Each structure stands twice: as structure tokens, then as C-alpha cells.
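> Listed below, chain by chain, are the residues.
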Amino acid sequence: MLAQLPLLAALPFGQLWYYLPLLVAISLVYGATRHELPGPILRHAWHTAVWMTTFIGAIFLIALVLTWLV
Amino acid sequence: MNEPPKKPAIPPVESLTIDLRNPWIAGFLAWLWPGAGHLYQRRYGKGLLFMACILAIFFFGLVLGQGRVVYAMHPANQDPAVGAGFGGIFTKFAAIAPLPFWLQAGTGLPAMPAVVQRMRVKGGGQPLFNNWMAPPRTTQELNSWHRQLNQRFDMGVLYTMIAGILNFFAIWDACAGPAPSEPVDPKKKKDPKKDDPKTPEPKPAT
Numbered sequence: 001m002l003a004q005l006p007l008l009a010a011l012p013f014g015q016l017w018y019y020l021p022l023l024v025a026i027s028l029v030y031g032a033t034r035h036e037l038p039g040p041i042l043r044h045a046w047h048t049a050v051w052m053t054t055f056i057g058a059i060f061l062i063a064l065v066l067t068w069l070v
Numbered sequence: 001m002n003e004p005p006k007k008p009a010i011p012p013v014e015s016l017t018i019d020l021r022n023p024w025i026a027g028f029l030a031w032l033w034p035g036a037g038h039l040y041q042r043r044y045g046k047g048l049l050f051m052a053c054i055l056a057i058f059f060f061g062l063v064l065g066q067g068r069v070v071y072a073m074h075p076a077n078q079d080p081a082v083g084a085g086f087g088g089i090f091t092k093f094a095a096i097a098p099l100p101f102w103l104q105a106g107t108g109l110p111a112m113p114a115v116v117q118r119m120r121v122k123g124g125g126q127p128l129f130n131n132w133m134a135p136p137r138t139t140q141e142l143n144s145w146h147r148q149l150n151q152r153f154d155m156g157v158l159y160t161m162i163a164g165i166l167n168f169f170a171i172w173d174a175c176a177g178p179a180p181s182e183p184v185d186p187k188k189k190k191d192p193k194k195d196d197p198k199t200p201e202p203k204p205a206t
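Note that the protein sequences, when read in sequence, are chains A and B.
Start counting the first sequence at 1; every next residue gets the next number (this note's numbering).
Start counting the second sequence at 1; every next residue gets the next number (this note's numbering).
Worth flagging that the hints you see were computed from the coordinates, not collected in a lab.
These figures come from a predicted structure and were not determined experimentally.
One thing to keep in mind: the hints can contain errors.
[As the list claims (entries may be wrong)] Label-pair restraints from in silico Cβ distances:
#, chain 1, residue 1, chain 2, residue 2, range
1, B, L99, A, V50, 37 to 47 angstroms
2, A, T67, B, G123, 49 to 59 angstroms
3, B, T138, A, L11, 27 to 37 angstroms
4, B, W132, A, G14, 43 to 53 angstroms
5, B, R137, A, A63, 20 to 30 angstroms
6, A, G39, B, K122, 47 to 57 angstroms
7, B, A52, A, Y19, 38 to 48 angstroms
8, A, A9, B, Q126, 41 to 51 angstroms
9, B, Q148, A, V24, 23 to 33 angstroms
10, A, I62, B, N131, 16 to 26 angstroms
11, A, G57, B, I165, 40 to 50 angstroms
12, B, Q126, A, V70, 49 to 59 angstroms
13, B, I165, A, L11, 43 to 53 angstroms
14, A, L11, B, L48, 32 to 42 angstroms
[Stated by the list, open to error] One side of the interface only, derived from the structure: several residues of chain B facing chain A at Cβ under 7 angstroms:
#, residue
15, L16
16, K46
17, L55
18, P100
19, W102
20, L149
21, D154
22, M155
23, L166
24, F169
25, A176
For every residue, glycine included, the Cβ atom is placed at its ideal position computed from N, Cα and C.
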């Protein structure tokens, strides 16, 4: 059923890997602007990456539900 | 009676001080080449981290767009009109160079061949570097790049723009040191300074 939703069907899953390099770079640079030592930088980067992915995933889910409702 | 000094409830933590040397030189070097400002400040780890992350996504975007996604001049027949008011600020910038280039230029030297190409083309010469970062001659040529590269053109522009934005963060870090950080653990929200000992106090150059 999910696969029949237009949004999922139109999603270019093969191009989602473009997200990974950006996620890694943005998280690490952002973490490095907040801390000086490697440990806190990596911890902050991990939390930023999780937060970004969750945020984007939440928006995707909202769009998916709206598509399903309409 | 002399009372013995009371032990603090929370033992003092070791703080880290950073010698920013000359923040203006560091900031300029950080713009010129991502990470160079930190290397100048002897903050080698962060310098290499910034260099690797920012240059990697800049050049990855450039390769994705086959060297065409960074250009500093509109096609000859596509000069945008300059508007008025607050929005006019953007159109004024856009009249000088395409708006994406203003962000891409944040990476410094790696984006500067586009400026060389602009000067060459404006002077009536042929572009150098096998047309890398050369501006499109006409709107039709720009459209053909979009058709040919499809989404890779957009992704290339996005990657190179984000590289420039990230370098602005790195420049700020080189000039002023790490920004005050919120503690990651919600239990530690009461006193961020005490609980995040590894966030140093930036020390201005003497």
C-alpha cells in the first residue's frame, strides 16, 4: 500500500546518497565551531546529524501523510 | 580561628585557553584557504578537519557539475534588473555576479578561478583551464548545461554553496574561537560552563 503512494513512488531513492556527504560535513564543521577538542566535536556532530535526519524525516512523514490524505 | 578552606561542591575543571594570535590574519587566511587560519593559530586538528570537510564537498560539487557550477558572470544576454528597497539589495548583488557565487566565494581561492574567467571573458579573451568555472556565453548555453547535467547541476551548485557557507563558520571560529555551546545532555542544562569544560574561553591575541 505504501509503495502505491505517489510521493513514495516518485522519491528518487537512488539519489538519497547525496545527503550523506553533506550530513557528515555539516555536522562535523558545526560541531567544530562549538568545541575545541575531538571528543566533544564528534559528540556534537553526532547529535547534529541525528537532529537533522530526524527533522528531515519528520517533514517527509508529514508530506507523506498529507499525500495520503489528499 | 583559621578555618580550613571549604572544598567546592563541584571540583574546578581544567579549562582550555586558545591563542588566537592575530584574529584578523587568521580570519583572512581562513577565507583564503579553508582551515589555513586554524593552521596559522596552530589549531592543527580543527584546521585539517575544516580543510577536509569544506574542500571535499566543494570539489565534489564542482566535479558533479563538470566544473560549470561555479561561475562569476551572468550570460551576456541575461543581465538582471536592479530593484529598489530591501529586495533591491539582493538584485544589486545579483547584478554583479550570480547569487550562488557570493556563497561559493566563501571558500576563497578554490572559487577564484571563476573571477579570473570573468575577467578574461569581459576582456574579450578565451576562458582558461579547459573552460572550468567559465561563465556561460548565452542563456541558451546555460539552459543546455541544465539539460545535459540535469540534477547533477543543481546538486553541484548546492554542494559548492554549502561549502562556502560552512567556511563562513570556520572564519568566525578562527576570528573569535568556538561559540558557546549548549550542553548535549539535558541533565546538564543548569550550568553549561561548568558542565562543558572542553569548550574553551577564547583568548584574544596579545
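> For every hint, state whether the structure bears it out.
Comparing the hints with the structure gives:
1. Hint check: L99/B to V50/A, Cβ distance near 31 angstroms, so the stated range 37 to 47 angstroms is violated.
2. Distance hint for T67/A and G123/B: a CB-CB separation of about 52 angstroms, consistent with the stated range 49 to 59 angstroms.
3. Hint check: T138/B to L11/A, Cβ distance near 35 angstroms, so the stated range 27 to 37 angstroms holds.
4. At roughly 27 angstroms, the beta-carbon separation of W132/B and G14/A lies outside the given 43 to 53 angstroms, and the hint is violated.
5. Hint check: R137/B to A63/A, Cβ distance near 39 angstroms, so the stated range 20 to 30 angstroms is violated.
6. Checking the proposed 47 to 57 angstroms range against G39/A and K122/B shows it holds: the Cβ atoms sit about 50 angstroms from each other.
7. At roughly 19 angstroms, the beta-carbon separation of A52/B and Y19/A lies outside the given 38 to 48 angstroms, and the hint is violated.
8. A beta carbon spacing of about 47 angstroms between A9/A and Q126/B agrees with the range 41 to 51 angstroms that was offered as a hint.
9. One distance hint, 23 to 33 angstroms for the beta-carbon pair Q148/B and V24/A, holds here, with the actual separation near 29 angstroms.
10. Take I62/A and N131/B: their Cβ atoms lie about 43 angstroms apart, and the range 16 to 26 angstroms is violated.
11. Between G57/A and I165/B, the C-beta spacing of about 23 angstroms breaks the proposed range 40 to 50 angstroms.
12. Distance hint check for Q126/B and V70/A: the Cβ-Cβ separation is about 53 angstroms, which falls inside the suggested range of 49 to 59 angstroms.
13. Under the hint 43 to 53 angstroms, the C-beta atoms of I165/B and L11/A, about 26 angstroms apart, miss the expected range.
14. A beta carbon spacing of about 36 angstroms between L11/A and L48/B agrees with the range 32 to 42 angstroms that was offered as a hint.
15. Because the beta carbon of L16/B sits about 6 angstroms from the nearest beta carbon in chain A, less than 7 angstroms, this interface hint is met.
16. Checking K46/B against chain A by beta carbon gives a least distance of about 5 angstroms; that is within 7 angstroms, so the hint holds.
17. Because the smallest distance between the Cβ of L55/B and any Cβ of chain A comes to about 10 angstroms, over 7 angstroms, the interface hint for this residue is violated.
18. Annotation: P100/B was flagged as interfacial toward chain A, and the flag is violated, the nearest CB pair being 16 angstroms apart, outside 7 angstroms.
19. For W102/B, the suggested interface contact is broken, since its CB lies about 19 angstroms from the closest CB of chain A, more than 7 angstroms.
20. Hint status for L149/B relative to chain A: violated, with the closest Cβ pair at about 14 angstroms, above 7 angstroms.
21. Hint status for D154/B relative to chain A: violated, with the closest Cβ pair at about 10 angstroms, above 7 angstroms.
22. Against a cut-off of 7 angstroms between C-beta atoms, the interface hint on M155/B holds, since the closest Cβ of chain A lies about 6 angstroms away.
23. With 7 angstroms as the threshold, the beta carbon of L166/B comes within range of chain A, its nearest partner Cβ sitting at about 5 angstroms, so the hint holds.
24. For F169/B, the shortest C-beta to C-beta distance to chain A is roughly 5 angstroms, which falls under 7 angstroms, so the interface hint holds.
25. Violation of the interface hint for A176/B is found here, the shortest Cβ-Cβ separation to chain A being roughly 10 angstroms, above the 7 angstroms cut-off.
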